Amino acid sequence: MTDKTQYLVKQEPFYRPQGREVELFAAAYAARLPVMVKGPTGCGKSRFVEYMAWKLGKPLITVACNEDMTASDLVGRWLLDANGTRWLDGPLTTAARIGAICYLDEIVEARQDTTVVIHPLTDHRRVLPLDKKGELVEAHPDFQLVISYNPGYQSLMKDLKQSTKQRFTAFDFDYPAPELETAIIAQETGLAEGTAAKLVKIGQVGRNLKGHGLDEGISTRLLVYAATLIRRGVPETDACRMALVRPITDDADIRATLDHAIDTTFV
Amino acid sequence: MTAADCQDAALRDYQHPLMREYWARLDTRFSQVAEVFEEMMAEALAVIDRPDLDAYLDAARFLGKLGRGVEPMLVFLEEWPSVVKAVGKEALDPVLDFIKAMQRSPNGKAITPFLQTLAAVARRLQSVEQLHHYLDIARDLMLRTTGSIHGSHATLPSPGLPVFFEQAPRVLDLLSVGGMRNWVDYGIRNYRHHPERQTEYFALKLADSRAVVQRERHGTLFADVERQLDLYLRALWGDSDQLVPYSTAFDELRRPMPYYDRLGMRVPDVYDDARGIAGIDRYRATLAHMVGHRRWSAPLIADNWSPFQRMAVEFLEDARIDTLLIREYPGLRKIFLALHPKPVEDACDPETTSCLRHRLAMLSRACLDPEHGYRDTAVNETVARFHALLASGPSSTRQIAELALAYVTQTRRQSDQLPNVRFEDTEVDYRDDNRHLWRYIEDSDDEEFFDDPDRKLRKETEVVGLPPRHYPEWDHSSKTYRPDWVSVYEALHPSGNPADVDKLLAKHALLAKQLKRLLDLLKPQDKVRIRYQEEGSELDLDVALRALIDFKAGSQPDPRINMSHRTDGRDIAVLLLVDLSESLNQKIGADGTAQTILELSQEAVALLAWAIDRLGDPLAIAGFHSNTRHEVRYQHIKGFSERWNDEVKARIAAMAAGWSTRMGAALRHAGHYLSARQADKRILLLLTDGEPADIDVTDPEHLKADAKKAVEELDAQGVTSFCLSLDPKADEYVREIFGTRWRVLDRIERLPEQLPMLYLSLTR
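Listed in order, the protein sequences are those of chains A and B. Counting with my numbering, you get residues 983 to 1249 for the letters of the first sequence. Counting with my numbering, you get residues 4 to 767 for the letters of the second sequence.
Hints were generated in silico from the structure; no laboratory data involved. Predicted model only: the values in this text are computed from it and were never measured. Heads up, some of the hints might be wrong.
Derived coverage of chain A by chain B (criterion: at least 3 residues anywhere in the stretch with Cβ under 8 Å from a Cβ of chain B; other residues may be distant) [claimed, not checked]:
| no. | segment |
| --- | --- |
| 1 | 1051-1058 |
| 2 | 1185-1195 |
Only pairs whose alpha carbons sit at most 30 Å apart, straight line, appear in this in silico BS3-like list of lysine-lysine [to be verified]:
| no. | chain 1 | residue 1 | chain 2 | residue 2 |
| --- | --- | --- | --- | --- |
| 3 | A | 1143 | A | 1115 |
| 4 | B | 519 | B | 506 |
| 5 | B | 337 | A | 1183 |
| 6 | A | 992 | A | 1037 |
| 7 | A | 1115 | B | 555 |
| 8 | A | 992 | A | 1020 |
| 9 | A | 1115 | A | 986 |
| 10 | A | 1183 | A | 986 |
| 11 | B | 684 | B | 519 |
| 12 | A | 1037 | A | 986 |
| 13 | B | 555 | A | 1114 |
| 14 | B | 337 | A | 1192 |
The beta carbon of each residue, even a glycine, is placed where N, CA and C say it ideally should be.
Put together the whole structure using the sequences plus the hints.
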């Protein structure tokens, strides 16, 4: 049996609720309903799931999905060893066996034929058929499936199938409101509230440009990076350029505009 | 005045001890000079050192003896001190050399205009080196535009030179010396053989003269930063509007100001860097100010207020807006303060001048600048009340108006009514004209109010056909574009009898059958293999064997041994551009069966259109010919979304040839349509029978170079161009224009067969 404790979240992750999502998630977990977390990149989706796992005291297995991922990467595969072959459980199977929360991050990145393997786990059956091994894994009573997905930036080709979508309850996340975001940055990094508020303002500037040359606005995560740099003594304008502007765009006009915002905000 | 009077000037009593000696050195008998000599010398003595004075007088004497009347000498004496003040005395020799050169050529008449504007030019150039450049430009212009009748001796004066001198100060206001050189160069190249046009060009009366000036402007051009400004509005202010530039180059009477109305925000077309603030930041300041008004200002009823009261309200309201903007982005304070003039407290004398503007500008400055340092109690009190109003929130236009009125009443002076108003240091150029701030209840009794309101409307109804589209043309000798040089008129091709085309197709029935077989082979297969799949519809034998070998060798085998299929179609958009110039009317072949190239082209186009229609690729057909740059005709024969039907056939049947081949403009226009198509591959197929030519172009290389440039532009837009030439001697220039993408058809009779084949092989 796999060691369950290694998957436990050891320390309380810092998470500041934006609304009633904590109670709602707890209620969904109590009923073991699958949960989908939607929202733009870097707005705190993964942090929220981690926090809930800690709060509920359950192990958390995270899988970052990508387009090369196949069903066996989730479910498990036969491996060869000296004496023949050996079955190795994939992360999804492990989670179903030990009763963990399985978190599939950025699920749309995975190919559609991969995503369908989660279907039997997400309805009343709560089983995972391992057809290559000829085994039917009954999910542990504590098992829950959580997926995250960013509806914004992916191409039109990448979207979840209706049959997948309709197996989940969903939360809509967005970047926190300015005051809340300021508080989050201040608490996460220990930066003074005043400076944090200015960072948030630059974040707003960037978010205004979404769809006008930027695919995604400046995320809370990047704001935290900038704050961290400032805390380490990097001058504010440099930290902002490095953490907020350069990563998100190569467009000279957008850079100039954001740089101007930085120069006029930090005096 | 007579010679005796001049004699008298030599004997006159001068206050200056050496004045008589100077007069003697000048050695002139012009009475006009004698009249003003003493004053001019007094001015010259203030600027020119004693040792250089002789050279000054000698130069003047030389100019007096050119035989061109008194003017050159008089102008020189008057203007030279200012030139020395601006660029130093070293300028004398090159200037004299240049004058001598003009005197030797037929351009002696230009000497006076040259001297007249020299001081103004020198003030703008500010260094001898720059003045040298200016003289070089003028000399170049003179040498290249001075005409000759028999070829050996220059006998006709340059028509543009005097006008050029007249305009030089104005042009240098807008352009650097380098920009001026380009402007002059352009004029010489394009109007050398056209004296009237040349004069108009250098007088800035021609549209392209102004366009070149605009292109060469120094400073930050609106066109270059438009997107940045758009982003700026959106990102920093969450606002957006149409930005409309207005021209600042050619307004002399009244300098336009930024403003906004429901049609958009008007900003100048160029901002120079000023007072340490970059042009782009000046644009940003202007936009920010307008945004501030849109956010926080509310219109007031203007009828009961005097102009002075309104002006006060505007100044203070502007200051409120700026304060609120600074609150939003503190860094704006630096920009605003740099751009806002700082009136000196006691600079205005209230006894002789109206100082209200001055006082208000001081007040406005003091509201923004915590370190204003003004001692005036009224100003300080008002500023304190201003900040108190704004302390708790954005305040409002109405509150500010009350404060402004109180200030005006408190500081009112009789002299405010004086006509002599002090404007210096009171103009804040990033602020708009505040037209949005006022509402008038009663219509004014101005004259236009009584105009017949219908009159304007009636004029606007006449529109015939589409307006022309202008395209630039590449000038290979200067490596620049001639802006808006060619006018392209587009129209639907007239129709003929569609049955004619059906007959043509019937004639090629055999060929059509052969084509059909080929087409069936080419039809999109719709299946593409995807390999390396862990799970797929079929086993991929190659990979499976490799995996087995790995397995037997004891290493980890690749489990992705299957493959599957996915559907795929052709995604090609084609535009066939047919040259319809006069040469198409040539006959080909023996007398009995002689056909014109046009007829062959019709057959070929019909067959190709039929073939592509079978394939299902979107195809457009257009014809073009030109009659000078003012009239390039682009005729639509088939649109992308039109089916291969009788209407299209009728247009092909009516194809007619005439005029010349201005290829570049037609390529650009076709590219404009093609690049708007959504397709994996966009192909422009050009069918032509000769090299690009037009009757208003003498240099045979020019249109070729332009066509080559147009092809490069298309390439950059993702449009692949291919040329099928019917001119057997075409190899050389077609290669030059199209690189490797061309084919020459030696036997034109085979065109109907070759064109569809070519297309098929191109897109296979």
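Tested hints:
1. 1051-1058: n = 3 at 8 Å, threshold three: holds.
2. 1185-1195: holds (count 6)
3. A:1143 <-> A:1115: Roughly 27 Å between the alpha carbons, so the hint for residue 1143 of chain A and residue 1115 of chain A holds.
4. B:519 <-> B:506: holds, 18 Å
5. B:337 <-> A:1183: holds, 19 Å
6. A:992 <-> A:1037: Holds, at about 11 Å.
7. A:1115 <-> B:555: This hinted pair holds, its Cα atoms lying about 22 Å apart.
8. A:992 <-> A:1020: holds, 25 Å
9. A:1115 <-> A:986: holds, 23 Å
10. A:1183 <-> A:986: violated, 43 Å
11. B:684 <-> B:519: Holds - the C-alpha atoms of residue 519 of chain B and residue 684 of chain B are around 23 Å apart, at most 30 Å.
12. A:1037 <-> A:986: Holds - the C-alpha atoms of residue 986 of chain A and residue 1037 of chain A are around 16 Å apart, at most 30 Å.
13. B:555 <-> A:1114: Since the Cα atoms of residue 555 of chain B and residue 1114 of chain A sit roughly 21 Å apart, the hinted pair holds (cutoff 30 Å).
14. B:337 <-> A:1192: Given that 30 Å is the threshold and the Cα spacing comes to 29 Å, the pair holds.
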